[in-house]
Amino acid sequence: MAAGGRPAPPPLLPHLSSRKARAAALRGGTRLGIAAVALAVALLALSNVLSAGRQEGLYGARQQRDARLLVLAFYFPQYHPIPENAATYFANFSDWVLVRDAPDRNRLGAPVKKPVPPLGYYDPRDYPVRRAQGQMARDYGLDGFIYYHYWLENKLVMGEVLDRLLEDGQPDVPFALCWVNESWQRKFYGMERRVTFELRHDAAEAHAAYLARVFSSPLYLRVDGAPLLVVYRLSSSVDYIADLQRRVAALTGSGMFVVSCLQDNVESNAGMYGAAAPGAGAFLEFYPNLYWHDRGASICADHPQHGLTGELMPHPDVGLPVWRGGLTGWDPTPRYPNETQADRLILASGCPSNSSAEAFLEATASRLRGAACELAAAGGGDAVYALFAWNEWGEGAVMEPNSVDGHGLLYALARARREAARLHGEDVAGRRCRGGKGLPQRAAVRISVKGQP
139 MAAGGRPAPP
149 PLLPHLSSRK
159 ARAAALRGGT
169 RLGIAAVALA
179 VALLALSNVL
189 SAGRQEGLYG
199 ARQQRDARLL
209 VLAFYFPQYH
219 PIPENAATYF
229 ANFSDWVLVR
239 DAPDRNRLGA
249 PVKKPVPPLG
259 YYDPRDYPVR
269 RAQGQMARDY
279 GLDGFIYYHY
289 WLENKLVMGE
299 VLDRLLEDGQ
309 PDVPFALCWV
319 NESWQRKFYG
329 MERRVTFELR
339 HDAAEAHAAY
349 LARVFSSPLY
359 LRVDGAPLLV
369 VYRLSSSVDY
379 IADLQRRVAA
389 LTGSGMFVVS
399 CLQDNVESNA
409 GMYGAAAPGA
419 GAFLEFYPNL
429 YWHDRGASIC
439 ADHPQHGLTG
449 ELMPHPDVGL
459 PVWRGGLTGW
469 DPTPRYPNET
479 QADRLILASG
489 CPSNSSAEAF
499 LEATASRLRG
509 AACELAAAGG
519 GDAVYALFAW
529 NEWGEGAVME
539 PNSVDGHGLL
549 YALARARREA
559 ARLHGEDVAG
569 RRCRGGKGLP
579 QRAAVRISVK
589 GQP
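Residue 257 in our numbering sits at position 119 of the sequence shown, with consecutive numbering throughout.
Because the hints were derived from the structure by calculation, they are not lab data.
Just to be clear, a hint being listed does not mean it is correct.
Below, simulated EDC-like cross-link-like pairs (lysine to aspartate or glutamate); rule was C-alpha separation at most 16 Å, straight line [to be verified]:
| id | residue 1 | residue 2 |
| --- | --- | --- |
| 1 | K293 | D340 |
| 2 | K293 | E336 |
| 3 | K588 | D362 |
| 4 | K293 | D362 |
| 5 | K588 | D310 |
| 6 | K293 | E320 |
| 7 | K588 | E557 |
Use the sequences and the hints to build the structure in full.
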């Protein structure tokens with residue numbers, strides 16, 4: 139038993155500590171059948187090893203509802219075939235093809251993450267898979283997902299996972315959308331790069347109707363009652379977002395709370411805040427595209443570093459809250475296995491900040507503590523802490539069970555949240571939260587789902 143009479147977490151699953159079992163798990167793709175995933179869900183539900191880590195935000199469910207930091211993770215839906223990818227590459231292409239074909243080690247000699255049971259090489263359209271993902275999120279202290287949303291050439295692309303969620307409610311955790319407002323390019327297998335599906339801004343009526351349908355989900359996150367929409371590059375779609383706002387408000391009675399991703403060199407491009415601000419209610423740190431500087435002296439000094447360490451990036455007072463973010467890892471080898479330019483982007487176990495689940499635990503606890511202090515200094519209210527990512531396997535940013543960390547990052551998140559809550563309590567008691575780098579004094583917001591405070 140752990141301190142306080144709570145059950146101690148068990149050791150990592152046997153396949154994580156046994157080389158033979160791990161190798162056997164990886165052979166043949168490791169994709170579980172529906173029955174096996176359902177069994178994994180049942181076992182997760184029965185196990186209560188992390189009951190002490192289940193929380194409603196950073197402060198816990200039983201404490202006063204005066205502020206809340208919701209930890210969300212970006213969710214990538216591109217692990218099933220779609221017609222657009224078949225037309226660009228070949229039949230049955232998905233990002234799993236890139237992950238399966240990736241070398242076992244990257245160009246620095248560090249192991250490349252591959253999926254292992256209980257999820258394996260899954261199809262996110264499958265009900266048992268999505269149910270298992272929701273169970274994992276709840277058990278290990280993740281408050282919800284931010285789903286990548288694609289609207290290209292005036293139509294929805296890769297929308298099946300969200301459609302299934304709207305039909306059956308799984309994963310049954312709160313969620314929001316991140317509209318990735320960029321054209322798609324063909325860029326794998328040494329092909330000549332060209333735009334394959336274009337971002338257009340002339341179908342706002344249909345887009346607004348789709349968004350209104352998604353926003354009607356009882357699981358959809360709202361900020362002061364308005365549905366939360368994260369926009370990847372708001373500066374590329376300012377007028378279109380304003381049009382969407384009007385149309386969504388006409389359909390639902392409420393406009394959207396738009397959050398603009400920050401992604402650039404903070405040190406040399408202070409103008410990015412103004413470019414990303416029109417129509418936004420808050421900024422969100424988006425790693426690994428946000429960085430303080432790029433000395434180029436070593437890989438570990440390169441731009442994703444701040445998302446992997448406990449140090450919060452400084453921001454000027456830009457008139458809007460800056461919601462914090464972090465990285466779960468970074469290694470784009472599956473996407474770019476043979477390109478030398480990927481060398482400078484690889485941050486795997488060659489960097490101390492990303493060497494282990496323990497390092498992730500330490501960094502995340504520190505970052506959550508700092509973000510909570512900023513909230514307190516700004517007068518309370520709610521904010522989001524966004525992890526990149528839950529399942530970006532093509533870039534090595536994953537929390538799901540994998541061949542390198544096992545369940546380690548999931549356990550680390552649960553422990554990091556408990557540790558951050560403890561340290562934040564000490565900070566508040568000691569009156570140490572006296573000013574934040576990212577949240578200026580302004581009216582507090584409340585983040586919720588329908589029917590809940």
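Looking at the structure, which of the earlier hints fail to hold?
4 and 7
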